[in-house]
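Once you've looked at the hints, dock chain A against the given chain Z.
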Amino acid sequence: MTIRAEGVKKWFYDRKRGEFPAVDGVSFECKKGEVFGLLGPNGAGKTTTLMIITTILKPDAGKVEVNGFDVATNPESVRLNFGFVSADAALYDLLTPRETLEFVGKLSKYPKEKLAARIDELINLLDMSSFADTRCQALSTGMKQRVAIARALVHDPPVVIMDEPTSGLDVPTMQSVYQLVRQCREMGKCVLFSTHIMSEAEKLCDRIGIINKGKVLAMGTLSELKEQYAKSDLEEIFLAVVGGSGGNENNGS
Amino acid sequence: MKTMGHEILTLMHKEIIETIREFKSLGLFIGFCAVFFPMFSLFGNTEISAALIEDQISNQRGKIGVRGDIDLVRDVLKEKKELDISPLYDIEPVKSIEDDVYDIVVVIPDSKKTASGEKPTIDVFYDSHSEGTISWAVEVAAAMSSSQMKMLRTKLKKVGVDSDSSTIPKIKYKGIPHMESTGAAPLSETLPTVILFFITTVAIGGAIGGITMERENKRLAQLLLLPIKRSSILYSLLLVVSGISLLPVLAGLFSLSWAFSLDEIADRLKMHNLAVSVPPETVLWILLLTVPIAISVTASSILFSCYYRIAQQARGYSLIYMVVLNGIVRYIITFKSLESILLYIPIVNSVYVMQQALDGKVTAFQIIIATLITLAASAWMIEVGAKKLSDEKLLVGVERAPRFQFFGKGALTNR
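Here the protein sequences come in this chain order: Z and A.
Residue numbers 1 to 253, in the working numbering, belong to the letters of the first sequence in order.
Residue numbers 1001 to 1415, in the working numbering, belong to the letters of the second sequence in order.
Chain Z extracted, bound-state conformation (with noise of 0.2 Å):
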């Protein structure tokens, strides 16, 4: 098992509402080789189960294990052991993607003499060759999301989460992150990929998890969700999960 999520629960505090449950007894798990889909509605607590398992959030309540390391007692372990790409790739303007590269791949005590080498095999794969040494100030958003993939890769994690990398990307660069989670599939790595794009989770995930309100209401393969919900796609099965209600006012997304 490479991401083992049990009962975690978070807490969130509204001067209004008060406290409520941002991640409600959220538990999945996402094995060695396998994408694992999150799938939610805005708001739904996707990315706040997104931030405990990375460690930038505490879980309240339940338990979380990267790799075998548990968030919450070893979180250097845990980071060691993850990459991580978001909707915004958060560059720095002034470092070129090499640099950046460098950079993350140093901190990530990733074998000195191997960087270089893992450096240009990942400008290769993204095709990245004609702005590698260009400044990210300069980039476009397709461009800056490869060097963010680029920055989850560059130690060679066993597990690579993704928070709906493909956010405002246009079609041919949607493509290239496609092949490249899949790429990842074959590598034996454990992706954990979370969107509220359905066809892209029809597309990708080996499972599902539907989550909504802070609690995973389904949970499987796709002709398994297809075959308990008798509906013929993916979008159909969301909305009878669901309820049609969308997203919700958590603030947990």
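Derived by calculation from the structure, the hints in this document are not laboratory data.
Wrong hints could be hidden among the right ones.
[Claimed, not checked] Dumping the calculated DSSO-like pairs for lysine-lysine here, alpha-carbon to alpha-carbon at most 30 Å:
id, chain 1, residue 1, chain 2, residue 2
1, Z, Lys63, A, Lys1080
2, Z, Lys63, A, Lys1024
3, Z, Lys32, A, Lys1063
4, A, Lys1081, Z, Lys109
5, A, Lys1387, Z, Lys16
6, Z, Lys9, A, Lys1024
7, Z, Lys63, A, Lys1218
8, Z, Lys58, A, Lys1218
9, A, Lys1218, Z, Lys16
10, Z, Lys58, A, Lys1229
Quick look at chain A alone, frame taken from chain Z:
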């Protein structure tokens, strides 16, 4: 420890690259300081100050006490009709000035002492807070050190002090700083606070840019995903920003020393009514104490930045922070009753030590104690700030329920 060192160096490398590539605002500030320091010296009210000094010299007669070869001193100062030269006898030089027996005491080296190989020095004692006395002291020392030097050397050789004709006795100013101030403002009260102001300006800008803005742009969250210690991020920022905050001061001093010689700087400080208790070359050494000031001020600025999520908000409060920090430091230093503990109050101590050093009153031990306390306090501030980096509310904007709540919806919530 080795890993943390590697982390800090890697983070510093990135910070330095970014600073070099975005040099416009810092470059402007450095340029301003490079021009400000010499300009301040150039456009002083030199005529009035010179006239004041002239007036003091012409209306009073200076009493010079001499220990050693009094004929030699009379010879050297024969042009200075306004000075009465008498032997010092058995009174201690400092006491004779404190008791107003003499304005200046000149101690000519003893031939027996210098035979042991010590470099001969001529000590000129004076009240470092009395403008007229300083002027006389400068006159006496200048007369001895320049035009009359050849004669002095010959005479010293005759009495057996100078066995090697190439050895030139060094003039040593010995200011007596604790005497009551009667005129000029001591440099020690001005320079440390000017330096404190310049350093705070750069440090707070660097800290907000390195923490609050990074938090706002979500780059800090990306950095926190890496397997590094939180304090490594802040230590690297501390080293780079405190280094950068020193640049304007260094640029100012470099351009000042390029524009004027040490003697000219001393004269110009005098023209600005700034009394210097130690020689100009010592002032330059004392300016090394700017380093602990920069480190402690930067650490406190980083801690300040760690408490803000929005850069605009942090910038708004930074002005208040700067004024309060500068005000508190300057205010505490004026408390005579706190003198015994000033060495132990972080940030205040590094400014205090520089002030004391400029007055010639500080010992090496005190400098070491104050510097160690400054560094320890800076490390503590960094550790506190590092804990704040992971604060969930600051990082992702989520709030947690107050620990004690008696009213409102959260009051009865039971998990």
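Structure-based check of each hint:
Restraint check for Lys63/Z and Lys1080/A: not satisfied, since their Cα atoms lie roughly 89 Å apart, outside the 30 Å limit. Between Lys63/Z and Lys1024/A, the direct Cα distance comes to roughly 49 Å. Violation of the 30 Å bound is thereby established for this hinted pair. Pair hint Lys32/Z plus Lys1063/A does not hold up; C-alpha atoms about 93 Å apart against a cutoff of 30 Å. Only pairs whose Cα atoms come within 30 Å are accepted, and Lys1081/A paired with Lys109/Z is rejected, the gap being roughly 77 Å.
A C-alpha spacing of about 29 Å is found between Lys1387/A and Lys16/Z, which places the hinted pair at or below 30 Å, so the restraint holds. In summary, the hint linking Lys9/Z to Lys1024/A is not supported, as the alpha carbons are separated by about 48 Å, beyond the 30 Å threshold. For the suggested pair Lys63/Z and Lys1218/A, the alpha carbons sit about 26 Å apart, so the restraint of at most 30 Å is met. Our distance criterion of 30 Å between C-alpha atoms is met by Lys58/Z and Lys1218/A, whose separation comes to about 18 Å.
Proposed proximity of Lys1218/A and Lys16/Z is supported: the alpha carbons are some 27 Å apart, at most 30 Å. Note on Lys58/Z and Lys1229/A: the hinted pairing holds, with a Cα-Cα distance of about 17 Å set against a maximum of 30 Å.
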